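Asker: Below are the chains, spelled out letter by letter.
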Amino acid sequence: MKASDSLLALALQFAGLSLVAFGGANAVIPEIHRQAVEVHHWMTNEDFAALFAIAQAAPGPNFLLSTLVGWKVAGLFGALTATAAMCAPSCLLTFWVAKLWDRYRETEWRAAVGGGLAPVTVGFVFATAFVLVRAADADWRLALMTAASAGAVFYTKLNPLWCLGAAALLGATGLFG
Amino acid sequence: MTRRPAPAALFAAFLSIALSGFGGVLPFARRMLVDRRGWMSADDFNETLSLCQSLPGPNIVNMSIVVGARAAGWRGSLAAVAGLVIAPMLIVIALGALYSRFGGVTVIRHALLGLAAAAAGLVVATAARMAEPLLKSRPIVAAPFIAAAFAAVAVAGWPLPYVLLALAPISVGAAWWRRQRQRRRA
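Top to bottom, those sequences are chains A and B.
Heads up: the first sequence runs through residues 1 to 177, numbered per this note's numbering.
Heads up: the second sequence runs through residues 1 to 186, numbered per this note's numbering.
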């Protein structure tokens, strides 16, 4: 594939996802995974899990996985293209809707749209979890690590960064290799 | 809104929000916009957040657009979103470059295995946290749509945009029906 072709594929993919990413970038990760690993064969499952982990460990909003996927596919231009494509369409939509929004405060349909989208979004985030668990957990030791971090973050107010740091250290000792 | 910040101030504020937030930027956004800068009241913040949550895209990115637009029009939006996006993007590109260079080194590869497993666990916890209030307040209308969206995307492997287009109208309809029924009872 030529470089310009992959840039175009990146731009189209993320621009489309931008407009369906209700609930944020985490909800569309199954689709990013499907395109990047299964359709375009841009990377392996292990690469995908590692890129997601890096995006999680970096500061900032959670669209950074798209930056990394773009970077992996086409270097710096790929990263810029994917980031811009992931942000611009939803930003333009928000800019435009924000003006209308103030006019329709407290209307019934607005509450229904919000209330109706929520469970679908939650289902997508569970799908994201499923895709990531399958990509990251090659054996039972890694699955145990996943369960421990999920439990720690769900049941305590622990800063997730501690989980990531501890897991990286445990990994570096060769525990999961 | 109590004060109208200039684009440069918006850029600086969102840059600082972006760099202080690991994993979740929203608490930092509230602290900065409401408590420290006083650009919006707590009610304004909640109201704006609910708008941002019902639109596609990361909440905090949408928030930067809305806050910027109300303060200084499109220039404000551009300044705020640039402040939020540029620095994290450069950092993550640098990390990606390190990964491609050293990802093959055994210690790094092993560390990343652990990191990826824990990161997957964080998303499991996020999904459970998001589901909890829905399942407690309205299990009958929420649970089928959570299950259907999950099964269609994770198990069947269908493209997410089509699943959304198919499920959203029914789910929004169900939410509408539930609200109307509650209203008649009240």
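Simulated from the structure, these hints should not be mistaken for laboratory data.
Possibly wrong hints are sitting among the right ones.
Between beta-carbon pairs, the in silico distance windows are [to be verified]:
| # | chain 1 | residue 1 | chain 2 | residue 2 | range |
| --- | --- | --- | --- | --- | --- |
| 1 | A | Arg141 | B | Asp43 | 32 to 38 Å |
| 2 | A | Ala143 | B | Gln180 | 42 to 48 Å |
| 3 | A | Trp162 | B | Pro133 | 34 to 40 Å |
Reference listing, derived: stretches of chain B covered by chain A, where coverage requires no fewer than 3 residues with Cβ under 8 Å from a Cβ of chain A [what the hints assert, rightly or not]:
| # | segment |
| --- | --- |
| 4 | 35 to 43 |
| 5 | 61 to 74 |
| 6 | 79 to 92 |
| 7 | 101 to 107 |
| 8 | 126 to 135 |
Bear in mind that the values here come from a model prediction, so they are computed numbers and not experimental data.
Built from N, CA and C at the ideal position, the CB exists for glycine as well.
Asker: Run every hint past the structure and note whether it holds.
Answerer: Going through the hints against the structure:
| no. | hint | result |
| --- | --- | --- |
| 1 | Arg141(A) - Asp43(B): 32 to 38 Å | violated, 48 Å |
| 2 | Ala143(A) - Gln180(B): 42 to 48 Å | holds, 45 Å |
| 3 | Trp162(A) - Pro133(B): 34 to 40 Å | violated, 25 Å |
| 4 | 35 to 43 | violated (count 0) |
| 5 | 61 to 74 | holds (count 7) |
| 6 | 79 to 92 | holds (count 8) |
| 7 | 101 to 107 | holds (count 3) |
| 8 | 126 to 135 | holds (count 7) |
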